[in-house]
Structures are given as C-alpha cells and as structure tokens.
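> Below are the chains, spelled out letter by letter.
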Amino acid sequence: MHIVVCIKQVPDSAQIRVHPVTNTIMRQGVPTIINPYDLFAVEEALRLRDVHGGEVTVLTMGPASAEDSLRRVLTFGADRAVLLTDRFFAGSDTLATTFALATAIRKIGETFGAPDIVFTGKQTIDGDTAQVGPGIAKRLDFRQLTYVSKLVSADPDAKEIVVERRSEAGVQVLKSKLPVLVTMLEGTNEMRRGTLEEAIAATRAEIVTWSAADAGVEDMQKCGLRGSPTIVKKVFAPSARSEKAAFVEAEDQTPAEALVEAIFERQPALQEDLAALAGGY
Amino acid sequence: MAEAPKAPSKQPPAGGRAASKKELPEHFKSYKHVWVFVEQERGQAHPVSWELLGEGRKLADKLKVDLAAVVLGPEGEATQHVIGEAFNYGADLAYLVADPLLEDYRNEPYTKALTDLVNTYQPEILLLGATTLGRDLAGSVATTLLTGLTADSTELDVDEDGSLAATRPTFGGSLLCTIYTLNYRPQMATVRPRVMAMPERVERPVGKVITHPLGLVEDDIVTKVLDFLPARDSSKSNLAYADVVVAGGLGLGSPENFQLIRQLATTLGAEYGCSRPLVQKGWVPSDRQIGQTGKTIRPKLYIAAGISGAIQHRVGVEGSDLIVAINTDKNAPIFDFAHVGLVTDAISLLPALTEAFRKRLSPHNRDKLASRRAR
Ligand SMILES: Cc1cc2nc3c(=O)[nH]c(=O)nc-3n(C[C@H](O)[C@H](O)[C@H](O)COP(=O)(O)OP(=O)(O)OC[C@H]3O[C@@H](n4cnc5c(N)ncnc54)[C@H](O)[C@@H]3O)c2cc1C
Ligand SMILES: Nc1ncnc2c1ncn2[C@@H]1O[C@H](COP(=O)(O)O)[C@@H](O)[C@H]1O
Numbered sequence: 001m002h003i004v005v006c007i008k009q010v011p012d013s014a015q016i017r018v019h020p021v022t023n024t025i026m027r028q029g030v031p032t033i034i035n036p037y038d039l040f041a042v043e044e045a046l047r048l049r050d051v052h053g054g055e056v057t058v059l060t061m062g063p064a065s066a067e068d069s070l071r072r073v074l075t076f077g078a079d080r081a082v083l084l085t086d087r088f089f090a091g092s093d094t095l096a097t098t099f100a101l102a103t104a105i106r107k108i109g110e111t112f113g114a115p116d117i118v119f120t121g122k123q124t125i126d127g128d129t130a131q132v133g134p135g136i137a138k139r140l141d142f143r144q145l146t147y148v149s150k151l152v153s154a155d156p157d158a159k160e161i162v163v164e165r166r167s168e169a170g171v172q173v174l175k176s177k178l179p180v181l182v183t184m185l186e187g188t189n190e191m192r193r194g195t196l197e198e199a200i201a202a203t204r205a206e207i208v209t210w211s212a213a214d215a216g217v218e219d220m221q222k223c224g225l226r227g228s229p230t231i232v233k234k235v236f237a238p239s240a241r242s243e244k245a246a247f248v249e250a251e252d253q254t255p256a257e258a259l260v261e262a263i264f265e266r267q268p269a270l271q272e273d274l275a276a277l278a279g280g281y
Numbered sequence: 001m002a003e004a005p006k007a008p009s010k011q012p013p014a015g016g017r018a019a020s021k022k023e024l025p026e027h028f029k030s031y032k033h034v035w036v037f038v039e040q041e042r043g044q045a046h047p048v049s050w051e052l053l054g055e056g057r058k059l060a061d062k063l064k065v066d067l068a069a070v071v072l073g074p075e076g077e078a079t080q081h082v083i084g085e086a087f088n089y090g091a092d093l094a095y096l097v098a099d100p101l102l103e104d105y106r107n108e109p110y111t112k113a114l115t116d117l118v119n120t121y122q123p124e125i126l127l128l129g130a131t132t133l134g135r136d137l138a139g140s141v142a143t144t145l146l147t148g149l150t151a152d153s154t155e156l157d158v159d160e161d162g163s164l165a166a167t168r169p170t171f172g173g174s175l176l177c178t179i180y181t182l183n184y185r186p187q188m189a190t191v192r193p194r195v196m197a198m199p200e201r202v203e204r205p206v207g208k209v210i211t212h213p214l215g216l217v218e219d220d221i222v223t224k225v226l227d228f229l230p231a232r233d234s235s236k237s238n239l240a241y242a243d244v245v246v247a248g249g250l251g252l253g254s255p256e257n258f259q260l261i262r263q264l265a266t267t268l269g270a271e272y273g274c275s276r277p278l279v280q281k282g283w284v285p286s287d288r289q290i291g292q293t294g295k296t297i298r299p300k301l302y303i304a305a306g307i308s309g310a311i312q313h314r315v316g317v318e319g320s321d322l323i324v325a326i327n328t329d330k331n332a333p334i335f336d337f338a339h340v341g342l343v344t345d346a347i348s349l350l351p352a353l354t355e356a357f358r359k360r361l362s363p364h365n366r367d368k369l370a371s372r373r374a375r
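Chains F and V, in that order, give the protein sequences.
All the letters of the first sequence, read from the start, carry residue numbers 1 to 281 under our numbering.
All the letters of the second sequence, read from the start, carry residue numbers 1 to 375 under our numbering.
Hints listed in this document are in silico derivations from the structure and should not be mistaken for laboratory results.
Positions of the beta carbon are idealized from the N, C-alpha and C atoms, including for glycine.
Do not rely on the hints blindly, as some may be mistaken.
Said to hold, decoys possible - Okay, derived cross-link-like pairs now, SDA-like style, lysine to any residue, Cα gap no bigger than 20 Å in a straight line: (1) F:K150 with V:D227; (2) F:K244 with F:A278; (3) F:K177 with F:P156; (4) F:K244 with V:D329; (5) V:K330 with F:E251; (6) F:K150 with V:P230; (7) F:K244 with V:T344; (8) F:K234 with V:G162; (9) V:K300 with F:K150; (10) V:K359 with F:R266; (11) F:K234 with V:D61; (12) V:K224 with F:A169.
Said to hold, decoys possible - Calculated from the model, a selection of chain F residues having no Cβ within reach of chain V, i.e. all distances over 10 Å: (13) D68; (14) G135; (15) N189; (16) I200; (17) S211; (18) D252.
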C-alpha cells in the first residue's frame with residue numbers, strides 16, 4: 001500500500017503579535033510547528049502501513065524551512081518526504097494550493113508508485129479552512145471521506161475502505177473504493193514516538209525537494225497569487241469593546257446573591273426564561 | 001477558497017492585488033442573485049441554513065436581487081417541509097433537486113446536484129453552513145467550478161461595486177481579514193452555525209420552486225452508506241443553540257472542580273462548556289469546547305468561571321446577550337468583553353451561586369412570577 005500524507009508547517013499562532021501602531025503582523029521569531037491536526041493523519045497512515053505493508057510518503061508545500069517538519073515526521077517512521085517549494089507558489093489560496101499539491105501527488109505516483117490513500121488533517125490552524133483536502137480529492141478525481149473518526153477496515157486487494165465519518169447528527173459508516181482521500185478528525189489516535197534508529201535515519205535522510213517544474217507543473221498561471229481567485233484585501237485586529245465589565249460589589253448580600261441580582265437587573269426577562277428552563281425540580 | 005494569507009509569504013496585503021482588480025470576465029456577467037444552500041440531514045434542516053437566509057436577505061436587498069434557497073434531498077414530505085420553512089425564513093424562490101439518491105449525504109451526488117444548479121442558473125453569491133456537511137460539499141463544489149471560497153466567514157457584506165466582502169478570523173483567531181473573489185463567480189462563502197443571528201420566522205406561502213434533475217443512478221456513485229449511528233441523546237449537546245451556557249476554564253484547577261460547573265448548569269437548565277485547555281487535558285469531552293476551534297454560542301446568558309478570555313475563546317462567545325465573568329484576576333482579558341464581572345475565587349463562589357439561583361428560581365418565587373405574568 002502506498003499512502004501519501006499532506007502536512008503543513010504552521011506558525012504557532014498563539015504567539016503571533018500585532019504591531020500596536022501599524023496594525024501589521026510581527027512575524028519575526030514566531031516559532032513553527034507541524035499543524036497539530038495533521039499528526040492524526042500521519043499516525044493513521046503509519047498504522048495502516050504497519051498492518052498492510054507498503055510505504056508512507058509525507059508531502060508538504062512551503063518554504064525551504066518546512067524541511068524541519070518533514071524530518072520530524074521521518075523520525076516517527078515515515079518512509080519518504082517530499083518538499084514542494086518554489087517562489088511561484090507564494091500567496092496561494094486554497095484553490096492554488098490544491099492545484100500544486102494534486103500535481104505533486106500525481107508526480108509522486110509516477111515516481112514512487114500510485115497512492116492508494118491520500119491523508120490530510122481536518123484543517124490547519126493558520127488557514128483553518130478544511131478545504132484543501134476536498135480540493136485535492138476533486139483535482140485527483142478521488143472519492144473523499146472527510147471528518148473520519150475511525151478507519152474500520154481497508155482492503156488493498158479488493159480496493160475497498162470502510163470508515164466512520166462524523167456528521168452533525170451522528171456517525172455515517174461509509175464504504176468507498178481506493179484510491180481515496182481521507183481527512184482525519186482530531187483525537188482519533190495517539191501519535192507514536194519513533195524508535196532511535198528512525199530518529200538517526202531521519203537526520204541523514206534525503207528530502208526529495210521539488211520545484212514547481214520538477215513536480216510537473218506546466219501552467220504557472222495556476223500557481224500562487226495568479227492562480228488564486230480570492231484576494232485578501234485587509235488584515236486587522238478585532239476591535240475592543242469600548243465598555244469594560246461592570247464589577248459586582250457585594251454590600252449587604254453575599255457575592256453570589258449580588259451577582260444573581262446584577263444579572264436579573266440587566267436582563268429581567270431572564271428570570272422567566274430560567275424559571276422555564278430549570279422547571280424540573 | 002480563501003484562507004488567510006499564508007503565513008510565510010505574506011506581504012501587508014491591501015495594495016497590490018486589490019488594486020489590480022480587473023473587469024469581471026464577460027461570461028460571468030449574467031451571474032445574478034444570492035443563493036443559500038439549505039442543509040438537511042435525515043429530514044431535519046440545520047438551523048444554520050436559516051441564519052444564512054437571514055444574512056442572504058440583507059445581501060440580496062443591498063444588491064437588489066433575489067434570495068434563493070437550494071434544497072437537495074429525497075422526494076417526500078420532509079423535503080417539502082424544508083422548502084416551506086425556507087420561504088418562512090425569507091427566500092424569494094427555491095431550487096430543488098429531489099431524488100432518492102440524495103437521502104443520505106454523500107459527496108458525489110450532492111456535488112453534482114449543486115454544481116449543475118450553479119452552472120444552469122448562475123448565482124453571483126453562494127452561501128453554505130460551515131458544518132461537516134457544508135465544508136465537505138463547499139470544497140468540492142468550489143474546486144469543480146474553479147472559483148473562490150472563503151471558509152468560516154464571520155461577517156458578510158457587499159461593497160460599492162457589488163462584490164462580496166467576506167471577513168474571517170485568521171492566525172487562529174488572533175486577527176481578522178477581509179477576502180474578495182473578484183473575477184470569478186459565484187463568490188462562495190461558508191459561515192459557522194450561530195455566527196449569524198437567527199432571523200424572524202414569518203409564515204409565508206410557498207413561492208416559486210424550480211426543480212432540476214439529478215441525472216445519476218446508484219451505480220454511478222462509488223461511496224455507499226452502510227449504516228448511520230445517530231448521536232446518543234445523552235452525549236448530544238445542544239451547546240451551540242442553548243439559551244443559557246455555563247463554562248469553566250483552567251482557573252477551576254481540577255476536573256473535580258469542574259463538577260461545580262455541571263451543577264450550576266443543571267440548576268439553570270443550561271448547557272455546560274469549557275475552554276480549550278480542559279479538552280486538551282481530557283477533563284471535558286471535545287464537543288463542549290467553546291471558541292475559535294470549538295463551538296460558537298449566542299445564548300441569552302453566558303457565565304464563564306476561571307476563563308481568561310483569550311481571543312480564540314472570545315470569538316466564540318461574543319454574540320451572547322449577557323456575558324458574566326468570574327475570575328480572580330481583575331485584569332483578565334475576559335473583563336474587556338464581559339458585561340458583568342465578579343473578581344473572586346470561582347471554586348468557592350460556584351456552590352453559593354448555584355444555591356442563590358436555586359432560591360431565586362424556587363417554586364415559591366416562580367409562582368409569584370406566574371401570578372405577575374397573569375396580571
Ligand atoms: C489555534 C488556536 C485555537 C484555539 N482555540 C481555542 C478555542 O476554541 N477555545 C478556547 O477556549 N481556547 C482556544 N485556544 C486557546 C486560547 O488561546 C487560550 O489558551 C485558552 O482559551 C485559555 O484557557 P483558560 O482561559 O481556561 O486558561 P488560562 O488562560 O490559563 O486562564 C485561567 C484563568 O483563570 C483565572 N483563575 C485562576 N484561578 C482562579 C480561581 N480560583 N477562580 C477564578 N478564576 C481563576 C486566572 O486568573 C486566569 O484568567 C486556542 C489557541 C490556539 C493557538
Ligand atoms: N501547504 C500545504 N502543504 C501540505 N499540506 C497542506 C498544505 N495546506 C494544507 N494542507 C493539508 O490540508 C489540510 C487542510 O488544510 P486547510 O484547508 O488549510 O484547513 C491540512 O490539515 C493539511 O493536511
């Protein structure tokens with residue numbers, strides 16, 4: 001079985017600061033991490049390989065420094081890492097991103113064997129769209145199984161896969177055909193620690209590095225800014241509410257009573273709502 | 001499908017690309033009207049669809065165009081009922097693809113139905129809920145149509161020349177950005193449940209319904225539904241749509257103390273929620289998380305105890321009518337957006353608060369209320 005996992009190196013967004021005067025993002029020195037959601041996809045891919053044999057290829061599109069994240073996934077036991085990096089990709093929105101990644105996955109197929117499953121995370125913490133997975137599936141003409149909470153079975157010979165997929169009202173049990181694209185839900189498994197040998201091998205491993213041309217991109221118009229139908233017009237910090245909270249001070253009541261008083265004072269109608277809601281006793 | 005500007009490659013965005021705005025290509029000029037995809041699962045419409053119709057109404061009025069509801073589903077009463085509701089929530093007309101193959105949600109037939117409708121009837125704006133269904137579908141449809149999609153928008157507007165301006169959080173919620181799809185149609189956006197207010201429901205007659213064939217047979221569809229396991233009622237939370245929500249954060253100190261949140265919630269007939277670290281620590285199940293990467297809520301009353309009010313939490317609760325914060329630190333950021341604050345130890349306050357509410361809402365007091373109402 002050949003499994004491709006798409007991961008993204010993202011800024012540790014909790015640490016992003018906005019310049020108080022210019023309102024621009026201060027990016028210097030922001031540490032990067034592997035998009036946490038992608039680790040569930042990596043682990044699921046490794047488990048499948050351990051059961052069925054085959055190889056796991058990790059793929060990322062990003063700056064040259066994204067090599068760090070790929071190397072980390074190699075320490076977990078992935079077999080191969082591909083870095084797609086080119087200035088033509090800069091400024092890609094999700095449509096342009098899926099064009100680049102789908103093209104690279106086709107090239108991976110030609111070079112290392114056609115993939116049976118492509119995994120992505122549910123979403124990234126910087127882009128946070130959950131659209132890249134479905135977009136790749138469409139471009140590769142793979143079926144897509146999103147929000148997968150459990151891989152029930154995969155049969156490489158019959159080319160079948162059964163999964164549990166989270167929906168708003170419950171869980172769908174779906175059967176589909178390989179090749180397929182799966183986006184993994186968080187919390188579905190626990191990332192393994194790699195072995196010492198894997199860690200050593202990872203530091204020496206060669207990262208397959210492709211430019212747009214290497215990956216087989218013919219039409220640069222579909223990449224980066226030019227290939228992106230959406231444009232970001234402005235980035236800004238959320239405005240602060242002008243008024244601060246009114247602090248409750250207890251005088252001749254307990255703080256709890258004073259708080260209840262303050263709540264009903266502001267929203268008298270709540271008293272009836274609560275009486276109705278709390279009805280049971 | 002905008003995501004925010006990519007972190008490593010971003011210029012201060014405004015200038016260049018927006019300025020290079022070109023004329024809309026000729027073949028897109030006939031694209032008119034605002035569409036809302038009405039999501040239903042097993043005959044049950046998702047309320048986010050009505051929230052979107054409310055928002056779509058405003059956009060359509062500004063553009064002076066029609067607002068259409070798009071309904072996909074099996075033939076039958078449940079689907080007819082959903083169409084009726086779409087008119088009650090403000091649609092001017094509806095597009096319907098009714099076929100037994102659309103009974104359960106599956107990506108392939110739904111993508112085909114929606115893209116066929118778009119290609120035939122050509123809307124300028126298409127809105128979907130950012131649910132597991134809507135996000136699955138929107139990504140496929142936008143990629144098939146090769147158009148732009150702004151995911152998880154928190155604000156929608158049309159600018160002077162009629163372009164859709166979709167604002168969404170970026171960088172994990174620490175910033176906002178406004179995104180345009182200038183030279184492509186339709187302009188697509190998804191919006192999470194509860195981000196937009198629920199519009200008023202007004203009984204209206206069913207208006208024009210345009211039906212369109214699916215054009216598929218079961219053998220064309222690769223993915224099969226083997227089973228559906230409805231969420232157990234006990235585990236299903238109504239957090240997003242609750243009128244009263246009580247939530248706890250790290251300030252509670254231990255999973256045992258989180259019980260105090262549950263007790264208060266039970267007393268109030270409320271739903272309980274939490275900040276993200278409590279989910280990460282395994283104290284509380286993940287469907288109880290409130291915020292950017294959890295649920296968005298809009299209750300009449302939100303009580304937050306031991307929550308600092310980080311921006312990612314704030315964006316999920318800002319639509320609440322009344323926000324009450326309990327925190328030992330009077331400088332905690334939550335007091336910047338709460339309406340009522342109490343600086344105190346939540347662990348000792350919570351049991352007293354539960355008791356104070358219980359007294360206030362006791363049958364005796366309730367009777368007094370009822371008699372007042374009767375008068
Ligand atoms: C990409 C990304 C997405 C995120 N998404 C979310 C999200 O969806 N939801 C979310 O909540 N967070 C989210 N976060 C995390 C967020 O940034 C904060 O870290 C988190 O909300 C903090 O949780 P907290 O307020 O419980 O803990 P803390 O920030 O540690 O605050 C605890 C508070 O409790 C107070 N306190 C301490 N003891 C007491 C006491 N005895 N009584 C009363 N008060 C006390 C303290 O003064 C403090 O203000 C996200 C972060 C990132 C990077
Ligand atoms: N630049 C990228 N390189 C590789 N994979 C990516 C990239 N961007 C997104 N992905 C994958 O697509 C998933 C969804 O991303 P997003 O649509 O940005 O929320 C992520 O969890 C990754 O698995």
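> All the hints need checking, so say for each whether the structure fits it.
Going down the list of hints, with the structure as the test:
| no. | hint | in the structure |
| --- | --- | --- |
| 1 | F:K150 with V:D227 | holds, 14 Å |
| 2 | F:K244 with F:A278 | violated, 30 Å |
| 3 | F:K177 with F:P156 | holds, 10 Å |
| 4 | F:K244 with V:D329 | holds, 14 Å |
| 5 | V:K330 with F:E251 | holds, 19 Å |
| 6 | F:K150 with V:P230 | holds, 16 Å |
| 7 | F:K244 with V:T344 | holds, 17 Å |
| 8 | F:K234 with V:G162 | holds, 18 Å |
| 9 | V:K300 with F:K150 | violated, 36 Å |
| 10 | V:K359 with F:R266 | holds, 19 Å |
| 11 | F:K234 with V:D61 | violated, 25 Å |
| 12 | V:K224 with F:A169 | holds, 18 Å |
| 13 | D68 | holds, 13 Å |
| 14 | G135 | violated, 4 Å |
| 15 | N189 | holds, 14 Å |
| 16 | I200 | holds, 29 Å |
| 17 | S211 | holds, 16 Å |
| 18 | D252 | holds, 14 Å |
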